[in-house]
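Going down the list, the protein sequences come from chains W and R. Residue numbers for the first sequence follow our numbering, so the first one is 1 and each next one is one higher. Residue numbers for the second sequence follow our numbering, so the first one is 1 and each next one is one higher.
Just so you know, the hints here were simulated from the structure itself, not pulled from any lab data. Hints are not guaranteed to be accurate.
No copy labels: a pair is met if it fits in one copy or bridges any two.
Stated by the list, open to error - DSBU-like mimics (lysine-lysine), calculated; alpha carbons at most 35 Å apart, straight line:
{"id": "1", "residue 1": "Lys201", "residue 2": "Lys92"}
{"id": "2", "residue 1": "Lys415", "residue 2": "Lys68"}
{"id": "3", "residue 1": "Lys130", "residue 2": "Lys92"}
{"id": "4", "residue 1": "Lys5", "residue 2": "Lys167"}
There are 2 protein chains.
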Amino acid sequence: MPNPKIISFTVDDVRFPTSDDADGSDAMHGSPDYSAAYIVLKTDSDFEGHGLTFTLGRGTELCVEAAKYLCQFIVGMTLDEIRGDFAGLWRKLTSEPQFRWVGPEKGVIHLATGGVINAIWDLYAKVENKPLWKLVCDMSAEEMVSCIDFRYLTDALTPEEAIEILKANDSTAAVREKEMLESGFPAYTTSAGWLGYSDEKIVRLCNEGIADGWSHFKLKVGDNLEDDRRRAGIMRNTIGPDRKMMLDANQRWDVQQAIDWTNTLAEFNPWWIEEPTCPDDVLAHKAIGEGVHPIGIATGEQCQNRVMFKQFLQAGAIQFCQIDSCRLGGVNEVLSVLLLAKKFGVPVCPHAGGVGLCEYVNHLIMIDYIRIGASTDSHVAEFVDHLHEHFVDPCVIKNAAYMPPTAAGYSATMKPETIEKFRFPDGEVWSTRNSG
Amino acid sequence: MPNPKIISFTVDDVRFPTSDDADGSDAMHGSPDYSAAYIVLKTDSDFEGHGLTFTLGRGTELCVEAAKYLCQFIVGMTLDEIRGDFAGLWRKLTSEPQFRWVGPEKGVIHLATGGVINAIWDLYAKVENKPLWKLVCDMSAEEMVSCIDFRYLTDALTPEEAIEILKANDSTAAVREKEMLESGFPAYTTSAGWLGYSDEKIVRLCNEGIADGWSHFKLKVGDNLEDDRRRAGIMRNTIGPDRKMMLDANQRWDVQQAIDWTNTLAEFNPWWIEEPTCPDDVLAHKAIGEGVHPIGIATGEQCQNRVMFKQFLQAGAIQFCQIDSCRLGGVNEVLSVLLLAKKFGVPVCPHAGGVGLCEYVNHLIMIDYIRIGASTDSHVAEFVDHLHEHFVDPCVIKNAAYMPPTAAGYSATMKPETIEKFRFPDGEVWSTRNSG
Chain W
1 MPNPKIISFT
11 VDDVRFPTSD
21 DADGSDAMHG
31 SPDYSAAYIV
41 LKTDSDFEGH
51 GLTFTLGRGT
61 ELCVEAAKYL
71 CQFIVGMTLD
81 EIRGDFAGLW
91 RKLTSEPQFR
101 WVGPEKGVIH
111 LATGGVINAI
121 WDLYAKVENK
131 PLWKLVCDMS
141 AEEMVSCIDF
151 RYLTDALTPE
161 EAIEILKAND
171 STAAVREKEM
181 LESGFPAYTT
191 SAGWLGYSDE
201 KIVRLCNEGI
211 ADGWSHFKLK
221 VGDNLEDDRR
231 RAGIMRNTIG
241 PDRKMMLDAN
251 QRWDVQQAID
261 WTNTLAEFNP
271 WWIEEPTCPD
281 DVLAHKAIGE
291 GVHPIGIATG
301 EQCQNRVMFK
311 QFLQAGAIQF
321 CQIDSCRLGG
331 VNEVLSVLLL
341 AKKFGVPVCP
351 HAGGVGLCEY
361 VNHLIMIDYI
371 RIGASTDSHV
381 AEFVDHLHEH
391 FVDPCVIKNA
401 AYMPPTAAGY
411 SATMKPETIE
421 KFRFPDGEVW
431 STRNSG
Chain R
1 MPNPKIISFT
11 VDDVRFPTSD
21 DADGSDAMHG
31 SPDYSAAYIV
41 LKTDSDFEGH
51 GLTFTLGRGT
61 ELCVEAAKYL
71 CQFIVGMTLD
81 EIRGDFAGLW
91 RKLTSEPQFR
101 WVGPEKGVIH
111 LATGGVINAI
121 WDLYAKVENK
131 PLWKLVCDMS
141 AEEMVSCIDF
151 RYLTDALTPE
161 EAIEILKAND
171 STAAVREKEM
181 LESGFPAYTT
191 SAGWLGYSDE
201 KIVRLCNEGI
211 ADGWSHFKLK
221 VGDNLEDDRR
231 RAGIMRNTIG
241 PDRKMMLDAN
251 QRWDVQQAID
261 WTNTLAEFNP
271 WWIEEPTCPD
281 DVLAHKAIGE
291 GVHPIGIATG
301 EQCQNRVMFK
311 QFLQAGAIQF
321 CQIDSCRLGG
331 VNEVLSVLLL
341 AKKFGVPVCP
351 HAGGVGLCEY
361 VNHLIMIDYI
371 RIGASTDSHV
381 AEFVDHLHEH
391 FVDPCVIKNA
401 AYMPPTAAGY
411 SATMKPETIE
421 KFRFPDGEVW
431 STRNSG
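Extracted from the complex, chain W is given alone in its bound form (with noise of 0.2 Å):
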């Protein structure tokens, strides 16, 4: 087995202007330019790692300097000695005594932290010759969890508990990985409901989407009530009343509003109602929940640590636990909150879209179908169908479900032309722009 060793890095700042038109729009994030710090490490061989953190344009530039400063703990590392201890490089990043105070674990740095964990798990799969997820399914339980820093998370889950989780699985996991391999995981569709499509806009998008085989929608919801019940009313008299309808606030409300505005589009008969309120409030999702019962609470993208999706799986706060593949600090702490979503019986519906979030997504899903949550009873993929051109291998969907990558690495390799154009200020899309 090759064992490189990082000897430099950059990290580029890449930002989509998808504010010209309303891709993305919501209640809180009006003009998203999707955007991405891009970290590639750089070995002493052919081998690189890229890996990306997810964000919306300006704000950015904080996670690409964040970003630089953590890669200078990796140079000088070969792979053996990351993967020798990999828990304790995700804990001296994330612990750095300087730097931490600006978190801790959380916003820009937390970000770059994932960024860059990613960066290396795609180097260590490419090494491998495995796509990330296989790489992972392939490990034995001890190893996995081996991966994962506890600190903090003993009081809902040891080790050794993560193991038996595991175990459990391991008997039927080839099983599931056929199916994987044949059908692939289910995924829904936001692409129909953004806020600032038109009423047209969302009619026609649903039809199409139905005639590709997608059987869940998600509606954008928050800003004006009388709207959303129009927008609602349409989507499920266009989507009828067996397909699935999730609506997502962004954020928009505090507790009462909350209750009040989502029972006004119950009727409607959403099957979840996702970030209703602040990302940091376990308390305030639990009291939503009780009440719009039976309707489910979803959030989890703004969800900054594994500590806080702890909480919110302990309070039972969340029917639906949508782990972030960059907000949370890489595939390392990814895995510490499958496990313990598992072991609170919460299914997983990760978060994607934005860029390269979905090629991300799609190795997790896997890996939490064939090793962790091991069903796929409500559990559904978030899929967004744009800008997965800049991508060497986007992800395949087919029959409205996410195939398992084939690629070696963690499929997040944006093609060399792509971070040219658009990187900011100085690539072609953003220079005409400054200077016109």
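Once you have looked at the hints, place chain R on chain W.
Just chain R now, with coordinates in the frame of chain W:
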């Protein structure tokens, strides 16, 4: 009343090499260089607003860049425009639709918000020719409450309740103000108990503290249980049975470990255990509190925003509320937490030390005592005796009490020669090191 317009700003990275000795050392931050992102708002008059956010060295550069971005939103605004809708401006800064993704309301960008908002309040108070505490204490209940963004708070505190809390104190406020001007607000010292200090140094500093009238002493713990038992015994023995001793673990433990470790130190009769675990973990603090009763739980210096404080209070997870003047988004958000703490009957014992924090806290405890908390029962503010010499209007301690500041402003104006000398990386203190 003058109405200056903000026309430009500077943001400097100012770092003090405090890691050269063991000042500030604790179980998670072994070698801090106390630092600040230092903001100056310039106006079309002679008035300037100076503000800072406190950091530990590396990472300050991220807060500097974030503050520069946020300052752009206030350039061109007059003080009257800001005062006319201060809560609206606060929400604008914390809700920028692209930028918020890398928070939201936490970490780097929220620390930057704190610094910028603090600078605005400094300008405001200087224009009114009052120290900040007096400016706020002279406001009507409605005026004070109008500064607060109640988003995500209304399940625990409404604007109407906040006004009621303030009005209930109105008739006795003048008495408390007089009392503060005469005898000040009780403080405790952390200067004697840093983790890196020798036993002899602890004894000497405790004895000096007793001679200076201090009655509350804090000891850093969490690195090694046997060391902690020895050090706690030494401190208790030195300060005697009647003075209060507080322990501070700086987030070092998981739940069971925190309970066990703290109970092992219970024989030394600590008043509180501070930051026993992850600052994000409301449920863990609650569980630890139940396990170490009657020792109280204190946390807050890394509590990221009002929503987390709200939950700590709602859950009964803390017995001491340690607001941080910079980690919260400036005075506006601090006011909301002071009101929440009053509603839930939890004393506010602000975090201070670092650089500039004592200067800020001095104002906040006056506001709390005169208008909100209105009690000194179990209320005590941290004091650490270093770096005050760098401020134009340093805090004044008399008989172990903070005396109300008298100069106009919010007291975080550093001496120009300090900024020149300690600016990173080009100030004399750092350029010499870098080259040598």
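Here is how each hint holds up against the structure:
1. In this assembly of identical chains, Lys201 and Lys92 lie within 35 Å of each other by CA distance solely across copies; the values are 31 Å between and 48 Å within a copy.
2. For the identical chains of this complex, Lys415 and Lys68 are neighbours both inside a copy (21 Å) and across copies (32 Å), given an alpha-carbon limit of 35 Å.
3. Proximity of Lys130 to Lys92 under the C-alpha cut-off of 35 Å is restricted to the intra-copy arrangement: shortest distance 27 Å within a copy versus 46 Å between copies.
4. In the homo-oligomer, the alpha carbons of Lys5 and Lys167 lie at most 35 Å apart inside one protomer (33 Å), although the nearest pairing across protomers, at 66 Å, exceeds that limit.
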